[in-house]
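Asker: Work the whole structure out from these sequences, hints included.
Chains A and B are the protein sequences, given in the same order.
For this note's numbering, count along the first sequence from 1 and bump the result up by 7.
For this note's numbering, count along the second sequence from 1 and bump the result up by 163.
No wet-lab data here; the hints were simulated from the structure.
Any given hint could turn out to be false.
Stated by the list, open to error - Pair by pair, the computed Cβ-Cβ distance ranges are:
hint, chain 1, residue 1, chain 2, residue 2, range
1, B, 181, A, 136, 53 to 63 Å
2, A, 144, B, 257, 50 to 60 Å
3, A, 126, B, 205, 24 to 34 Å
4, B, 304, A, 103, 20 to 30 Å
By construction, the Cβ of each residue, glycine as well, lies at the ideal position given by its N, Cα and C atoms.
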Amino acid sequence: MRDGQIYAGGAPALPGILPLLAEGLVFQAGGRRLIDIERLRIAAGGTTIVLGPNGAGKSLLLRLLHGLIAPDAGRLAWAGRPADAATRKLQAMVFQRPVLLRRSVAANIDYALKAHGEPRAERAARVAQALEHGGLAGMARQPARTLSGGEQQRLALVRALAVEPAVLFLDEPTASLDPAATAAIERLVSEAARNGTKIIMVTHDIGQARRLGDEVVFLHRGRVVEHSDATAFFQDPGSREARAFIAGELVL
Amino acid sequence: MQNFADPFSLAFRLILSGDAELLTIVLLSLRVSLTAVFIAALIGMPLGAALAVGRFAGREAAIVLVNALMGLPPVVVGLCVYLLLSNAGPLGVLQLLYTPTAMIIAQVVLVTPIIAALSRQVVEDLNGEYAEQLRSLGVSRAASVPTLLWDGRFSLMTALLAGFGRAIAEVGAVIIVGGNINHVTRVMTTTIALETSKGNLALALALGIILVTIAICVNAAVGMLRGGARQVVHA
Ligand SMILES: Nc1ncnc2c1ncn2[C@@H]1O[C@H](COP(=O)(O)OP(=O)(O)O)[C@@H](O)[C@H]1O
Ligand SMILES: [Mg+2]
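Answerer: Written out as structure tokens, the structure reads:
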């Protein structure tokens with residue numbers, strides 16, 4: 008794939024934690040192999056979309072890659088080295104249902120910056136910048152949990168971006184949002200991608216995958232059935248399951 | 164035989180006139196129980212949080228134990244603290260028996276399991292929601308304890324109030340280790356017990372009215388905290 012490609016217009020040099028390589032990755036529960044991936048290599052640059060029907064294991068895969076859960080077998084390597092504190096510090100994740108702290112909007116961002124080890128003197132300015140970025144400046148002091156669904160997800164997204172991650176994981180961030188709120192999230196995500204953040208995003212919205220994706224990982228029953236360029240994937244999917252999925256059939 | 168209404172009117176007169184003896188007793192009660200709850204919170208909340216997020220051998224057993232200790236009978240706690248503090252006991256040299264300090268110690272023993280058990284529940288629920296997000300932000304399980312305690316502050320406040328309600332209303336522990344000494348260790352509950360048996364119903368009733376008022380206020384505060392927390396948290 009497109010190894011080492013630096014994105015046009017990418018502002019900062021990409022910190023070198025990519026490519027991400029998963030080998031022999033297995034996660035099982037209740038005697039079932041929920042994830043079973045021989046090899047998956049995600050290169051630097053652009054947006055990788057993880058597609059697949061409900062229950063395919065998309066969320067599990069993301070949590071495994073991000074290091075939130077440990078695999079039963081297999082290895083992860085970031086630029087050839089196992090995950091450690093340094094690689095973790097360069098990743099962030101936005102969950103399907105935003106997890107906001109029971110504090111003000113501004114305090115949510117400040118918390119993330121503090122946890123990331125940003126010096127106190129710099130935090131106020133960066134909080135203001137992130138709020139501005141997310142169109143949340145007018146709500147800085149409001150309790151985060153009183154925001155609307157779209158605003159909550161926008162806050163979760165700019166909070167994740169505030170620490171300037173090299174890799175951003177997103178798990179169906181717009182699954183429960185209306186079109187306007189979805190558009191706002193997509194705008195922020197593609198802007199981040201343009202600025203050089205590697206996006207790895209789960210969706211089961213094919214339109215969204217077309218709009219944002221540079222490449223697609225198609226997951227079915229815990230296996231990577233297809234991993235290809237987005238254009239190629241949508242024009243000529245190589246597997247029966249992906250063809251059916253794109254055609255809008257029910258893939259079980 | 165005196166009129167049944169008499170003690171009531173006397174009681175109200177005592178309260179309204181700000182009777183000095185009454186005031187001393189009420190203030191000592193508040194001092195003992197508030198101090199005990201404060202100390203119990205310092206022990207019980209981190210303990211509860213540790214039980215909620217920790218992964219260590221014996222965690223399950225510790226949770227069962229703390230939950231069981233919530234129901235400790237006050238007289239038994241009083242007896243144990245008495246044995247500890249009496250002249251023959253291991254802490255006898257401190258000469259604490261029959262002092263307010265002894266009463267505080269007994270109530271700390273009584274209240275700490277309540278605060279620990281309720282805090283564990285609160286923190287565990289919150290951790291279920293926060294854990295992966297906090298790991299993602301780079302916050303370790305140990306480091307997440309202050310976050311969980313702070314974000315659970317409304318629910319934890321109800322744990323403190325539950326502990327305070329228990330402390331201010333118990334009589335068994337403080338009467339054993341305090342001895343109900345006039346002007347030294349007499350609190351509301353012990354005075355009510357004593358004065359009732361002596362037939363001095365006015366003072367007993369006045370204290371009873373104050374105690375009930377405090378209990379109602381505590382419960383109202385719990386209810387308001389729940390409502391307020393719901394607004395902030397779930398709106
Ligand atoms: N901790 C777990 N224990 C048992 N089964 C799980 C666990 N987590 C997820 N699963 C199951 O694994 C499958 C994949 O889940 P998930 O990754 O959430 O799918 P999706 O592709 O919809 O995100 C589902 O069948 C789900 O029920
Ligand atoms: Mg999912």
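Asker: Checked against the structure, which of the hints given earlier come out wrong?
Answerer: none
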